[in-house]
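Residue numbering for the sequence shown follows the working numbering, beginning at 8 and increasing consecutively.
No wet-lab data here; the hints were simulated from the structure. Ideal placement from N, C-alpha and C gives every residue a C-beta, glycine not left out. It is possible that part of the hints are untrue.
Computed Cβ-Cβ distance ranges for the label pairs, DEER-style [to be verified]:
| id | residue 1 | residue 2 | range |
| --- | --- | --- | --- |
| 1 | T10 | D51 | 26 to 34 Å |
| 2 | G61 | A14 | 25 to 33 Å |
| 3 | S17 | G69 | 18 to 26 Å |
| 4 | T10 | G46 | 32 to 40 Å |
| 5 | A23 | D45 | 16 to 24 Å |
| 6 | A14 | R71 | 19 to 27 Å |
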Amino acid sequence: DNTEGRARSSRMLRTALGPAIARFLDDPAIVEVMLNPDGRIWVDRLSEGLADTGEMLAPAAGERIVRLVAHHV
Numbered sequence: 008d009n010t011e012g013r014a015r016s017s018r019m020l021r022t023a024l025g026p027a028i029a030r031f032l033d034d035p036a037i038v039e040v041m042l043n044p045d046g047r048i049w050v051d052r053l054s055e056g057l058a059d060t061g062e063m064l065a066p067a068a069g070e071r072i073v074r075l076v077a078h079h080v
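Given only the sequences and the hints, what does the whole structure look like? Please build it.
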């Protein structure tokens with residue numbers, strides 16, 4: 008069933024993103040989550056603009072997320 012496949016893909020992506028990024032995705036005020044080359048995670052809120060979250064992501068984790076998203080798009 009395609010619905011189950013999508014649900015499984017969604018769970019895999021959320022696991023790969025980790026709790027910090029998933030938290031940002033759950034915030035309706037955030038319109039974009041960005042990963043800079045230095046590993047810093049930034050968010051863009053319509054009401055406040057860009058903000059450094061103070062969170063960091065290892066390069067290998069960032070690459071894993073990109074590959075997972077590319078595979079499921």
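Hints versus structure:
no. : hint                  : result
1   : T10 x D51: 26 to 34 Å : 31 Å, holds
2   : G61 x A14: 25 to 33 Å : 31 Å, holds
3   : S17 x G69: 18 to 26 Å : 19 Å, holds
4   : T10 x G46: 32 to 40 Å : 35 Å, holds
5   : A23 x D45: 16 to 24 Å : 20 Å, holds
6   : A14 x R71: 19 to 27 Å : 20 Å, holds
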